[in-house]
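*Asks:* Chains as they are written, first to last, in the UniProt record's numbering: chain A, 1 to 888; chain B, 1 to 888.
Careful, some of the hints might be misleading.
Identical copies carry no separate label here, and so any pair may be met within one copy or between two of them.
To be verified - Here are the simulated lysine to any residue pairs, SDA-like style, with alpha carbons at most 25 Å apart:
| id | residue 1 | residue 2 |
| --- | --- | --- |
| 1 | Lys811 | Ile730 |
| 2 | Lys599 | Leu669 |
| 3 | Lys297 | Thr2 |
| 4 | Lys270 | Pro315 |
| 5 | Lys732 | Pro234 |
| 6 | Lys607 | Thr254 |
These aren't lab readings, by the way, just hints derived from the structure by calculation.
There are 2 protein chains.
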Amino acid sequence: MTKWVLSFGDGSAEGRADMKNLLGGKGANLAEMSNLGLPVPPGFTITTEVCTYYYDHDHSYPPELNDQVRAAVARVGELVGAGFGDAANPLLVSVRSGARASMPGMMDTVLNLGLNDETVEGLANSAGGDRRFALDSYRRFIQMYGDVVLRVDHAAFEDILEGVKDTRGVSLDNELSVEDLEQIVSLFKEEVERETGQPFPQDPEAQLWGAIGAVFSSWMNDRARTYRRLHDIPASWGTAVNVQAMVFGNMGETSATGVAFTRDPSTGEKVFFGEYLINAQGEDVVAGIRTPQLLTKASRERSGEDKPSLEEAMPAVFAELERVYQALETHYRDMQDIEFTVQRGKLWMLQTRSGKRTSRAALKIAVDMVDEGLITEAEAILRVEPSSLDQLLHPTLDPEAVRDVIARGLPASPGAASGKIVFTADDAERLAKLGDKVILVREETSPEDIHGMHAAEGILTSRGGMTSHAAVVARGMGRPCVSGAGHIRIDYRKGEMSVLGRVFNAGDVITIDGAAGEVMAGAVATIQPELSGDFGRLMVWADGHRRMKVRANAETPADARTAREFGAEGIGLCRTEHMFFEDDRILAVREMILSDREKGRRAALEKILPMQRQDFVELFGIMTGLPVTIRLLDPPLHEFLPKSDEDIQAVADVMDADPEHMRRRASELHEFNPMLGHRGCRLGISYPEIYEMQARAIFEAVAEVKRDAGETVTPEIMIPLAATRREIDILKALIDRVAAEVAQASGLELHYLVGTMIELPRAALRAGEIAESAAFFSFGTNDLTQTTFGISRDDSASFLDDYIEQGVFEKDPFVSLDRDGVGELVQIAAERGRKTRPDIKLGICGEHGGDPSSIAFCEEVGLDYVSCSPFRVPIARLAAAQAAIREK
Amino acid sequence: MTKWVLSFGDGSAEGRADMKNLLGGKGANLAEMSNLGLPVPPGFTITTEVCTYYYDHDHSYPPELNDQVRAAVARVGELVGAGFGDAANPLLVSVRSGARASMPGMMDTVLNLGLNDETVEGLANSAGGDRRFALDSYRRFIQMYGDVVLRVDHAAFEDILEGVKDTRGVSLDNELSVEDLEQIVSLFKEEVERETGQPFPQDPEAQLWGAIGAVFSSWMNDRARTYRRLHDIPASWGTAVNVQAMVFGNMGETSATGVAFTRDPSTGEKVFFGEYLINAQGEDVVAGIRTPQLLTKASRERSGEDKPSLEEAMPAVFAELERVYQALETHYRDMQDIEFTVQRGKLWMLQTRSGKRTSRAALKIAVDMVDEGLITEAEAILRVEPSSLDQLLHPTLDPEAVRDVIARGLPASPGAASGKIVFTADDAERLAKLGDKVILVREETSPEDIHGMHAAEGILTSRGGMTSHAAVVARGMGRPCVSGAGHIRIDYRKGEMSVLGRVFNAGDVITIDGAAGEVMAGAVATIQPELSGDFGRLMVWADGHRRMKVRANAETPADARTAREFGAEGIGLCRTEHMFFEDDRILAVREMILSDREKGRRAALEKILPMQRQDFVELFGIMTGLPVTIRLLDPPLHEFLPKSDEDIQAVADVMDADPEHMRRRASELHEFNPMLGHRGCRLGISYPEIYEMQARAIFEAVAEVKRDAGETVTPEIMIPLAATRREIDILKALIDRVAAEVAQASGLELHYLVGTMIELPRAALRAGEIAESAAFFSFGTNDLTQTTFGISRDDSASFLDDYIEQGVFEKDPFVSLDRDGVGELVQIAAERGRKTRPDIKLGICGEHGGDPSSIAFCEEVGLDYVSCSPFRVPIARLAAAQAAIREK
């Protein structure tokens, strides 16, 4: 017979901490605490399987459940020496939800269940004749049960309560007299009967089934569904129901209730941390009506509080609590978040669970616990959420500072920054050169804005998602960015932005918080990151545990240096086109593009060659001893085109050509779907002279570095957007030829690899033959996601919300790699590539290379490295270590 | 020991006709003719394996080859009673290439080999003392050998020849005296020695090896490589070398040479057809210096020629030739293209092969041969190239008419048409209503031009490829179209187009030939297609042999009717958006799109509903008894947007809105990559009211047809662009709900299927789970090709030529399905789909559905049907039959 109900209490339990899937988090931990011999009010857990059964069977229960619940209730009654419905000595219980993952406040709870017109008197007796307490408990029960189970409007009870208080001329609940409470109980019951057409249920068993049903139903309420969607919790998990003997923190001055953390959840310091209220029930602490008192004398003194700490007020209870919390932390080997109640001087534990903490605290606690011998290094590595490191690596807003939030957008790139508003990249650069701090505000950014993004402290856009150009580039540069702040209207002509009626002009100061997605008027104070020793130590442990290498996507010397500082083990993606947007060379690039003949293009490329060579000389110098993967020109040429009349005239002047002709040529280059257009290696096939120049720049730089610094660089030259082996063959022949020429001219031996991006479904499928020609694959999962889904990430914003809202996507596939679709292609390519060339080097260089869950996938598939923005390198190092540990 | 050389002649041979891979086409057929006992000059074939060996071993031969060639030469000498280098009775041979596939004129040939200063006298003797003939043969040999083997400039020999003729004051070769020829031979030899530094080789064996090497080398010459690329012939096949005893058609008036077809290659008529020249060598017929005479008396009389036919001039030879050609046709069971030589009254056969023929002839010959009992129906089906039917289904240019070709573009949609130039779709419609025939000339077309394309006789665009919008729509409508005529410059404002300096105004008449891709000034006479009985009979046989069904892509009543006439067995793709562009509804569609609220959209959809319902009522009426697959709205909404100020104002008026607001809303809908944007089922998820209206229109039409005509229609509703199962689930629920509502309201039971397009790589990979919800898959291989390759077909024109030129693509993947990449995805989807739902209906509705080689792939994968443009339905029927026959 299926066991639908598991009991706990009195130093033993049928469940255990590792049975969270069956018992929910709360139930499993109550069982575990019972097994540990800690003082837990006895009770039982109705399993999550009942919830599943309930929804699979049209809201009915397994036939055996009734008997099992009845037996469990009886056992609880025996243990506490009371009986359900026993007028003299009534058993009262709480009924609480408890899912596998914590969903605080999302589902329903009923306390004091078992009270009725008779048992309320019994409760008064067992509370030493405290009728006031008993009646207060009864009216709370009716209110809660009426609200949660019987769906009577909460406000109706509040109105009655306030009405009686007004009549009596009192303002606090505890000023009400016994008679007042009797009247309130009576009015509450009338209200229930009026609303439901039924008297308030007096049978405790009926009450219990009502509460159980309400908890199971609440699994599907709107709040819970929204919460699950936001936290990736499947509806199929279900919730358990915990029924537990009531203990009362509100039985007078020797009773109390409190919550605590075994360490400081905000700093991670090893101090017992929490609050309590004398003569109160649990929810009173949360409700914040009375100000809670601190637990320890030290903390009370530090904060200058008057009211006695628990340590001072109830030293024996505190000593017991200290013993319990230390036992719990040692047992669970993690910082715990606990709830307790003191009933007439006796401590009862109501909950324990791993405590939520800030990134900083997570780091400190993990490192401290290793030092304390409580956990291993590997465990410490698993204790820190990699993405949370972001917070530690960027300036943050001073939490004390006043904020005038004017708009919200997406938290596109973490960090906080203040500066003067500028509306163009050129202004950003100009003012930055004059020493001003600026925030670049644009509807959206394009590659032409990169110099301005570099110059700015932060970037704010009114359009675009988490993976818009602005967001991607900002994260790459480590610039804070808020994207898609939709309420902002920008008028470039007037040089102003307005948001819900407030107008800001160029030059006005604003602050953005890229971690929260907030935009504030004026300057808000920020705090600089302090990379404490803990961070460094954890990183060293992570490096010791990971298998995959971590490289960075970087092309500028600044980015490359940052990447090295953050521990990158090479460059996984140097986007050569980014080097083309520099002020001094864009003109030559435009000249190249607008030439309609090879000769004109070659002339322009001659001008670019020395600049590009110098780029590589610098880059190789910074990355000495590490691999550098260079992607040949990738984006559609028209991205580089001049748009303004002025820019067109400038190119026409250099080329001695008619601007009208230039304009026509530019319009010929227009594409309907540039993402699927004439780009990547297609440019290399059509205009071999471009890749030839780039190859020459690379090899000549290699030769120069060898000659001048004696360093041997082995560049990994990467061909973008290949769909066939033949493309690689043609371009590899070209690269080999240029290499031979440079080797001949320089008299040096050159070492290099030629490989390809795998960023098209066809390339993934044909990886077997492509690997015959390519020495390495780098998965370009941005493009691969676009083509596999047929979704342009630049355009996805218009329906992505609907898609997540309606559960089509669990997560934005441009942020977290889609294992089922894109992942299968990666897997196919890895397998087929390795079959042809067992030692093929495999990496990933899409945005996913910095996303922990995608990194875990890369570990599973056995890639050799991940490559991500410089600022995400520490995140990737940690995530790669976690993935390696979990794979074992 | 490998046999590198196979001999033939004297009524037997070591080879056979089915050994083409080893012997090449020519060699295999010479062997076959020998085996048949036909008069073939003896010889031998050096196999294609030697060619492969030659290129694998640095241009050297297998060690055994020398002996084998020597033995074979000796055997030939024995058979003809002559000796290689025998001064008295010399053996002379021809050395010819011969690959597996015919590559006419691409490789080198040497005739008269074996002549030298001594043997030339022996030849004179054996030619009855005709020294003139012998010397002429010798000078021809030196010239040919010098050119082909020794690489002496051809022109040098011509100069010498012309010089001597000038000196002698004669103009024709045959006016030269014996002395003249002696002088020429001497000068030729001097020229060779001057150019090569070596005397002209006198040793026949050295001559032979020189010629063999030249033929093998010519396999890799530029011409041959280009030809192979254009005709998909792999370099690995190699060529064979045929060495054969010379026979001479130029040994006086009883000698002759000729070429013939066993039936008329242009009409297919069963008449012996060909030409000959008395006293001439083979190349003289081809060279066209003398006008050849006809073979039969009947053909001579019919063409009014004076010169006697072979039948009259050499009746005995003709009788022998008649016996031979009939034997060949009966043996090969196909029309043959033969070459023969008559040496002093004796007939020699030099070549036979299947003859090239026009589409019309291919059809007639195939059908006739079935009637003659020569081939089976299945063989007849395989004898006609499906694509060639296109020529038979459209008007063609009168071949007699004079053409003033002004520009060339791509042969985008077959057929010829003349009409006045118009530059806008509206003008096309307006003038067509007035009874004018017009050609719509645009830089490119968009969905808004469809009414104009319908109204026009033909379409001409200056941009876009074979799969551009203009091309696809034109093929769908059966309108002739020339696309991407790049030299045409259109000035819409002036209403003129110019091409290489010539200017044409709106109203000027032009003609386009969509099969040739030509544009001509003025009206050129056309011939209407006559679908003869042969066509109908072949189609009936094809229908009897094919397994796959053939449906059509059609949405208008006209298209649906055409499709049915052409034998479509249902509609495989009804693009509902095409119904939205009609004049009377585009305004309501725009109103819907520009509403930023659901309410506004619903109001507009209410207006569209009755029109769309009427569309379906008509369509169902036409397609009675056949399945109709309806695709819900697919393209990005902005395709429907108003562009001109006038159009924007019109929508603003209807909506009582500010045109400026309309403009802003329209610009919000702009997408960077619309192909990957907010389209397909993404629209259905975001704006469920649109698909709801469409589902309602479909079901109400089903109900109306049922009620009014008593016909039961089972629509197959197709959800476009799904990437996940969840999308189907959400939209299927919506469709089911609407169906239930209409069923309830009408009191009728409704039958329908809900399925999906598989047009994204992810959908193909997840086909297993998608099939849980979808009752059928239709492969949308246009989009699937775009996403698998990451290539937008609208933008591919800019590099497609380079890609085909450089061998990256063998064929345009948008025309012929890429088996390796896209094909694997189709296969994966078919397998996974069937695993989940064994009876799942599988079809294809991309452009590939009308492409024979893609249809063959569909048969291999086991699809249930293909769907194509109405005008391609016969092609698909034939191709499907061929594929089914080949699969057996």
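*Asks:* Regarding Lys599 and Leu669, is the shortest C-alpha distance of 25 Å or less found within a copy, between copies, in both, or in neither?
*Replies:* within (19 Å within a copy, 41 Å between copies)
*Asks:* How do Lys297 and Thr2 come out at 25 Å by Cα distance, when the copy is not named: within, between, both, or neither?
*Replies:* Neither: 50 Å inside a copy, 101 Å across copies.
*Asks:* Is it within, between, both or neither when you check Lys732 against Pro234 at 25 Å Cα-Cα?
*Replies:* Classified as between; 22 Å across copies, 48 Å inside a copy.
*Asks:* With identical chains, the pair Lys270 and Pro315 could be close in the same copy or across copies; at 25 Å between alpha carbons, which is it: within, between, both, or neither?
*Replies:* Answer is within; shortest intra-copy Cα gap is 21 Å, inter-copy 119 Å.
*Asks:* Cα distance capped at 25 Å. Does Lys607 pair with Thr254 within a copy, between copies, both, or neither?
*Replies:* So Lys607 and Thr254 fail the 25 Å test inside a copy (86 Å) and across (74 Å) alike.
*Asks:* Classify it for me, Lys811 with Ile730: is the Cα-Cα distance of at most 25 Å met within a copy, between copies, both or neither?
*Replies:* Close across copies (18 Å), not inside one copy (39 Å); limit 25 Å.
In this structure, the hints that do not hold are numbers 3 and 6, in rising order.
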